[in-house]
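Student: In case you want the letters, here they are:
Number of protein chains: 2
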Amino acid sequence: MSAPVSGGDRLSAVRAGMAADGIDALVLRPSPDFRFLGGRGDGFLVVTMDGAAETADPRPYLPPGVRRVGVDPEMRVRELFGLAVDAELVPAAQVLAPLRLRKEPYEVAMVERAALAADSVLACAPELSWFGATERAMATRLRVLALEAGCEEVLSVRVTAGPGTAAPGSAPSDRVINPGDALLVSLSARWDGYCAEVARVFAVAEPPEDYDAVYSVVVAARHAGMAAARPGVPAAAVAAAVAQAVDDSGYGRFAAPGAGRGVGLGSDEGPRLRADDDTPLEAGMVLCLEPAIYVPDLFGARVADIVACTESGPRPLTTAPSSLPVLER
Amino acid sequence: MSAPVSGGDRLSAVRAGMAADGIDALVLRPSPDFRFLGGRGDGFLVVTMDGAAETADPRPYLPPGVRRVGVDPEMRVRELFGLAVDAELVPAAQVLAPLRLRKEPYEVAMVERAALAADSVLACAPELSWFGATERAMATRLRVLALEAGCEEVLSVRVTAGPGTAAPGSAPSDRVINPGDALLVSLSARWDGYCAEVARVFAVAEPPEDYDAVYSVVVAARHAGMAAARPGVPAAAVAAAVAQAVDDSGYGRFAAPGAGRGVGLGSDEGPRLRADDDTPLEAGMVLCLEPAIYVPDLFGARVADIVACTESGPRPLTTAPSSLPVLER
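Chains A and B, in that order, are what the protein sequence lines are. Under the working numbering, the letters of the first sequence match residues 1 to 329, in that order. Under the working numbering, the letters of the second sequence match residues 330 to 658, in that order.
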C-alpha cells in the first residue's frame, strides 16, 4: 500500500509522473493542483524537471524547445492563449490526479474541518424561518451563515422544495417554501483549501406521503456505503453497496447513478464511487457519499456525508440524522 | 454614431463579425459574452451562421468541416479539451467585445443598480466596528452586507489599512485596523448580470499626515475624468484629464497608471481609459473611473465611481464624498 505523497516528496513524485508521460513542463493556475504543489498566490506555477517557479508570466520559465506541456484544467482559455507556446498541450491532471487520491493526516483533518463547518450550518436549519420564504432567500441565508462560520469559500448552496426536489441539480428559485414540502438542502464549502459537501433532507411541518420511507432508504444506503469503504476494496464496491441497499427497498429504479466521489483540495476528485471505477480504496482517501432517490413529479431525497478511509475501517466525519427532521413553523 | 446592439439584432451583428473574421462557430460558456447573447443556463451556447443552441454538449452543433472556432475566453481548459475539435481556436472576444462597448438603456440601468448596491454597502461603513478588527474580518462583513443587499454575486472585496494601502491589489490580511490608519475599501459586485465596482477611502479616527491632501487630489482627478467623458472624445482623453489633475497637484510620480475601464456584463471591459486607447466614447458607454495615488511605504488613496456617457454629457451613477470620511471609534 502506497504512502500518501507528503510535502517535500510531492515535487519528486510529480517529476516522475512527468517523465513517464513525456511532459516537459506543467503550467498551473490557482486550483487544487496548484495548491497541492504549494502554490500560494494568484499567479502561475511552472514546474519543469529542474525547477519550480511561481510567477505572473510563465513564458520565460518554459524550457526552450518544450514539446509537451501539462496545463491546469481549471486554467481559463484566455490564459492558455496568453501562453502562446508551440507545444502539445495535455491536461496536467494526468500527472496530478493519482497523487492526490490519498491524503496526509493533516489533509484529512482539513476536510473534516470543512465538513463540520458545513454540517454546523445545516444543523442551524431548524432555527431558521423557512415558511413562506423563497428557495433563493434561504440559500443566501445559508451562504451568509457559512461565511460567518469561517468558511473560506462557499462553492455552492442548493435549496429545493416540493416536487422540484425530484429534479437533481436545479438552482434555488423564487418558489416559496410551504407546509407539506419536501426540502433538500446542500452546502459545499472550502476551509483553508480543503472542500466538503454536506446534503440534508427535511420535511416542512409535515412530510409528504411516503417521504419518511424514502428518507430511511437513503440513510440506510449511506450506512451501507460507509460500511463498505474499507482499504483494499474497489471504489465500485461502495457504489454497489449503496445500489444494493436501494434496490432491496424497491426504490431501485428511482436511484441516482453513482454513490459519490472523493473530496480534498477539489470538491469533486477521485476516486469515483461508480460501477466503472475499480481504483482500490486506501487509508487516507476521503469520500463524499451521496446516495439519492428521485421520484419524478413527487419528491427526491439525497444525503451527502463525508467519510475517511482508515486502516481500521471507515471513519464518518459527518452523519445525517437517522430520522427525517421536520421543520416546525 | 452607431446605435447600441439590441436584443434581436445581436445575433445578426455577431454573425456579421464572424463572417468578417472567417469564424464558423462560437462556443461560449456562462460568461459576459454568453449572457450578452441570451445564454441563461449553465451549459454551452453554440452560435453558427445558421443556428444557435444552448446545450450540455456543443460537439453535435459544430458544423462538419468547421475550420475556425471562436471560444469563450472564460472557458476552462478542461472544457476546451472536451470539445476535441480539429480547428483553429481563436478568442470569441474579437467578435463580441466591440458589440458590447455601447449599452442599451436597460443595461445602463442595471449597471446603475449594481453601483448603487455596492455604494450603499460602503455607505454603511461608518456604522461598522472597524477598530481592532482585521482586514479579513471586515472584508467578510462587507461581503455579507452586499449579499444581503441583494447582489447576485460579490466579485471582490478589498479592505486594506495602514501602509499596505500603498500596495495596490493586495488581498485582505489578518492585519488589525488601528487609529491613525488610512483605509482603502473596494467592492465589486454583480446585480442581475451587470457589474459595478465602487472604491472608497477612509481615515480611522485621525488621518495620517497629508492624507487629506492626497484624498482631495484623487477626488479632483475623478471629477476631471468624469467631466472629460463626453461622446466623440477618445477614451485616452479621460485618462489624460485624470493624469493632468494628479500632475498639477505635484503627486504625478505617485499616480496609478490608467484611469479606469468600461463596465457592463463584465467587470472589466472596453474601453480602456489609458493613453493607448483611442476608442471614441459614445453615448451608452459606462465607465468605472478609478484614479489612485500610491505613496510607497506611506499610504495610497483610490476612489472608483461609475459614470454613464450620454448625448448630453457624463452622468455620474455614484459619487465619492468630497471630503475625507473619518471613521470614529
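If you're looking for bench data, these hints aren't it; they were derived computationally from the structure. Misleading hints may appear alongside valid ones.
[Said to hold, decoys possible] In silico contact screen, one side only, chain B against chain A (beta carbon under 8 Å); selected entries:
1. Arg407
2. Leu412
3. Asp415
4. Pro420
5. Phe460
6. Glu477
Think of the CB as a built atom: it goes at the ideal place given N, C-alpha and C, for glycine as much as any other residue.
Student: Now look at each hint and say whether the structure bears it out.
Tutor: For each hint, the structure was consulted:
1. A hinted interface residue such as Arg407/B counts as satisfied when its beta carbon comes closer than 8 Å to some beta carbon of chain A; here the least separation is about 4 Å, so the hint holds.
2. Nearest Cβ of chain A to the Cβ of Leu412/B: about 10 Å, over the 8 Å cut. The hint is violated.
3. A cut of 8 Å between beta carbons decides the hint on Asp415/B: the least distance to chain A is about 14 Å, and the hint is violated.
4. The restraint placing Pro420/B at the interface with chain A holds, with a minimum CB-CB distance near 6 Å, inside the 8 Å limit.
5. This hint is violated: Phe460/B has a C-beta 20 Å from the nearest C-beta of chain A, more than the 8 Å allowed.
6. With its C-beta approaching chain A no nearer than about 7 Å, Glu477/B sits inside the 8 Å limit, and its interface hint holds.
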